[in-house]
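Protein chains in written order, with the numbering used here: chain A, 1 to 422; chain B, 423 to 940.
Everything labelled a hint here was simulated from the structure, so no lab data went into it. There could be a bad hint or two in this list.
[Claimed, not checked] Taking lysine to any residue pairs in the SDA-like style, the calculated list, with each CA pair at most 25 Å apart, reads:
| id | chain 1 | residue 1 | chain 2 | residue 2 |
| --- | --- | --- | --- | --- |
| 1 | B | Lys837 | B | Ile876 |
| 2 | B | Lys631 | B | Lys812 |
| 3 | B | Lys801 | B | Asn811 |
| 4 | B | Lys827 | A | Lys282 |
| 5 | B | Lys804 | A | Glu189 |
| 6 | B | Lys631 | B | Glu461 |
| 7 | A | Lys281 | B | Leu787 |
| 8 | B | Lys931 | B | Asp613 |
| 9 | B | Lys592 | B | Pro432 |
| 10 | A | Lys282 | B | Asp769 |
| 11 | A | Lys197 | B | Lys822 |
| 12 | B | Lys827 | B | Asp769 |
| 13 | A | Lys197 | B | Ile802 |
| 14 | B | Lys503 | B | Lys649 |
| 15 | A | Lys197 | B | Ile748 |
| 16 | B | Lys837 | A | Leu85 |
| 17 | B | Lys448 | B | Ile651 |
| 18 | B | Lys837 | A | Glu202 |
| 19 | A | Lys281 | A | Ala198 |
| 20 | B | Lys804 | A | Phe184 |
| 21 | B | Lys754 | B | Arg906 |
| 22 | B | Lys571 | A | Asp416 |
| 23 | B | Lys801 | A | Ala198 |
| 24 | A | Lys256 | B | Arg906 |
| 25 | B | Lys812 | A | Ala201 |
| 26 | B | Lys619 | B | Gly561 |
| 27 | B | Lys589 | B | Gly460 |
| 28 | B | Lys710 | A | Gln413 |
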Amino acid sequence: MNALKKLFGGNTRQFGMIFALVALIVFFEIFTEGRTLTSGNVINLFNGNSYILILAIGMVLVIIAGHIDLSVGSVAAFVGVCVSLFIRDWGLPWYIGVLMGLGLGVLIGAWQGFWVAYVGIPAFIVTLAGMLIFRGANQLVGKSNTIPVPTDFQYIGSGYLPEFGPNTGYNNPTMLIGLLGVAFVIFSEIRSRRNAKALGAEVSEAWVMVLKLVLVCGAILYATYLFATGRPGTSFPVPGLILAVLVLVYGFISSKTVIGRHIYAVGGNRHAAELSGVQSKKVNFLVMMNMSLLAGLAGMIFVGRSTASGPFDGVGWELDAIAAVFIGGAAVTGGVGTVIGSIIGGLVMAVLNNGLQLLGVGADLTQIIKGLVLLIAVAFDVYNKTQGKRSVVGMLMKNFSRSNEIKADETTQTTDVISKGA
Amino acid sequence: MTSLNTHSDPLILEMRSITKEFPGVKALADVSLRVKAGEIHAICGENGAGKSTLMKVLSGVYPFGTYTGDIVYQNEVQEFKDIRASEHAGIVIIHQELALIPELSIMENIFLGNEPTKRGVIDWAEARLRSTELLARVGLREDPDTPIKEIGVGKQQLVEIAKALNKSVKLLILDEPTAALNESDSQHLLDLMLGLKGRGITSIIISHKLNEIEQIADEITIIRDGKSIETLNVLADGVDEDRIIKGMVGRTLESRFPDHEPKIGEVLFEVKNWNVGHPQIQDRLVCKNSSFFVRRGEIVGFAGLMGAGRTELARSVFGRSYGRFISGHVYKDGKELQLKSVRQAIDAGLGYVTEDRKSLGLNLLDDIKATTVSANLRKISKNFVVDTNKEYAVAEEYRKSLRTKTPSVEEGVAKLSGGNQQKVVLAKWMFTDPDVLILDEPTRGIDVGAKFEIYGIIQKLANEGKAVIVISSELPELLGLSDRIYTIFEGAITGVLDKDQASQESLMKLMTSARKSA
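Isolated chain A (complex conformation) (with noise of 0.2 Å):
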């Protein structure tokens, strides 16, 4: 368990749940009769998932800095039937839908920004009322009807990589890709001990790190392989792709940055944070706008998916995500998550439906299992950090230190506060 600890490095949730979804993956996979991991499966959990798992990274960046976002649902769907709408009646080619789309999302999101950062008002509530205001939007504007798009805009929703090069029985593309990704874990991996080991930071041994990478890339190769396999056009989707590089891009961001740095630091003690120079109403603005250009996004892949844009699409994201993150161990206090981590959260929910789906459990009951695995999830952690294995100091301040601070709410200006007493 300690080793296998190392390997994982030390956040006991993200361990946890890298055990519980390959635990849940080899459960499915005996009882489904190995239905579960063949090409076409993977393939659709990606293809079915990926607008929800993009969602998890905007909402993981939203609670970290200590906010909610219960409107993405609603705004996915508003900006789907907007961007059909664009397509069908304005003639547009399919990118600049996209774009206005994304644009779109930006503008939302700016409206949503404006309301939590400069006027102050809990994002609950901002978001409440942008969840009624654009689920409102999205009928009003498409007349609750059904939009279709043309193909060509269904690519980002349902499309795969062309093939191209020798004939080798794989997709080509999707294997380049699963080598590249092999490559860039191993390299950075060693870069980062070489780093740690300079500057004379505990490193753990060698063996322990050579496990490590034979097991993601294992793994890694071992998706490449499944990817590559499925029937003839197909390959690792676009979609999939599209989410690939958002986790990259948006987990740097957020453990690399300035910025990322900031919205960890404003979630974790705003008034610090302040005093600190961090800008916190910037901060706020932009991972809320971010929220929602992430929601027209998702909207966007859904609708290409579905071919085309309805009155009750994006139902219920919301819920999905903000359960992905808090899985995936972000904090409901906010300071606490990681992209990666939602990512897991968010496939754990996804292996999970699509297991208990292949093994023709109904909806019901699906629901009922989903809603206990969050909950179980989240009391693991807490009963974890309650013993006082993550910290002996945390086990002697558990009664009194994290009750009596003064949290800093959404609605407490640094400029009011003197102390706890005043």
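On the provided structure of chain A, position chain B as indicated by the hints.
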């Protein structure tokens, strides 16, 4: 239990060889504590020595079975399984961070969890009657219906005690009761403790303020590194502050302040006619026409009672981060600055270390390295990308130079003791390389040894040619550290004294009265 009668005074409490372990750490090792009925017993020790852990064992926060050793209370071995059990036996603990609910009234807070009922319904008439009586006993003249958030910390502390009295307390434990109180509120609280003693209530007090302990305690138990070192009788042993410090640190401190030869230059920073309004209350000023200056290499103290407007002044100068700006001018090197945001203030070379480390100064979720660079990410970033190698190197450099005690800079700041947390905060501001550094209560909640080190760091910063402002409630600290001291009363600067003119008396006079002559 037979041993109890061998002493002249009956013991109300005896804790015998208490040992409490956390994974990897022995927080208490064979600690013994003997408290006589009706006395005030002080527990002294540096931060992290195990005082609070001991009290949590006593009050059932750490239930019976999670520690070894015996708690003998009122001649019986007790096995408290939670706080309710210990409260039932008459042991009430009041924590440093008050457990009151700000939105509820004084009365509702006093009876919270202990509501007087008549057939299952709260009997408010009874509650009001009893709360009036309890408030009179603690000397608090407030309407029982006043919400807690509208009264000051000093009065809140009294409400906590009233709440304890309502539970018919026999042994009252106060953890750092005066840490957040001003002089007069502290004095009132200490008098109240003596009054309770007169009524036969035994108290245990944990405090860093040794002068207070000397003033009220009958006996002092000193704890160091999780072990009980000695128990002193204040009268019989002729205990004074130096004697207590010796026990706490295990050696005598020759001086509580490092030697310092100030190198003072020309005026570096100046604030003129500074007026700031209260953030919520119209027409109320928190800074009234304040003017002050600091020279290069100078340490300037700001003395004032709590609520006098010291922090308000500092924060409003620091990028208008408190209150409504009305008018005033800020000059650095003779040039006027416009500091409308914290960012601008930092860029102009100002730094501000908050008085409230946990709620305003630190993100407790962060690790040491991220905290160290958090106010100056730009310096270690290129194209908005943070260079995590530089981050580590910078944090490591400050860890070494400030001698922060931590296994690694990747440790979370929440795990550090107060003194080490403060070093990390200082590192964070030193890394912004400020010319003017404002330190608000830089040693609050920090033990004696770490204080000495912090003073040394402050003096070193001044010697590097920075202008340093120190705000403190502890007058000996200001007198020991500052080259010049301004006094503040009700938002206005009432005087300025050079180091050799200043004394506790002269400062206190200026801190408690409006300016006599213009």
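Consistency of the hints with the structure:
1. Lys837(B) x Ile876(B): holds (19 Å)
2. Lys631(B) x Lys812(B): Roughly 40 Å between the alpha carbons, so the hint for Lys631(B) and Lys812(B) is violated.
3. Lys801(B) x Asn811(B): holds (13 Å)
4. Lys827(B) x Lys282(A): Measuring from Cα to Cα gives roughly 36 Å; hence the hint is violated.
5. Lys804(B) x Glu189(A): At roughly 22 Å apart (the allowed maximum being 25 Å), Glu189(A) and Lys804(B) satisfy the hint.
6. Lys631(B) x Glu461(B): holds (19 Å)
7. Lys281(A) x Leu787(B): holds (20 Å)
8. Lys931(B) x Asp613(B): Holds, because 22 Å separates the two Cα atoms, which is no more than 25 Å.
9. Lys592(B) x Pro432(B): holds (14 Å)
10. Lys282(A) x Asp769(B): With Cα atoms ~18 Å apart, Lys282(A) and Asp769(B) stay inside 25 Å; holds.
11. Lys197(A) x Lys822(B): holds (18 Å)
12. Lys827(B) x Asp769(B): violated (30 Å)
13. Lys197(A) x Ile802(B): holds (19 Å)
14. Lys503(B) x Lys649(B): Answer holds: Lys503(B) to Lys649(B) is near 24 Å, not above 25 Å.
15. Lys197(A) x Ile748(B): violated (53 Å)
16. Lys837(B) x Leu85(A): Status violated; Cα separation ~56 Å.
17. Lys448(B) x Ile651(B): The hint holds at about 16 Å.
18. Lys837(B) x Glu202(A): holds (19 Å)
19. Lys281(A) x Ala198(A): violated (38 Å)
20. Lys804(B) x Phe184(A): holds (22 Å)
21. Lys754(B) x Arg906(B): Holds - the C-alpha atoms of Arg906(B) and Lys754(B) are around 19 Å apart, at most 25 Å.
22. Lys571(B) x Asp416(A): holds (14 Å)
23. Lys801(B) x Ala198(A): Holds - the C-alpha atoms of Ala198(A) and Lys801(B) are around 21 Å apart, at most 25 Å.
24. Lys256(A) x Arg906(B): violated (44 Å)
25. Lys812(B) x Ala201(A): Measuring from Cα to Cα gives roughly 12 Å; hence the hint holds.
26. Lys619(B) x Gly561(B): Holds, at about 15 Å.
27. Lys589(B) x Gly460(B): With Cα atoms ~17 Å apart, Lys589(B) and Gly460(B) stay inside 25 Å; holds.
28. Lys710(B) x Gln413(A): Holds. Lys710(B) to Gln413(A) sits at ~22 Å (cutoff 25 Å).
Of the numbered hints given earlier, the model fails hints 2, 4, 12, 15, 16, 19, 24; all others are met.
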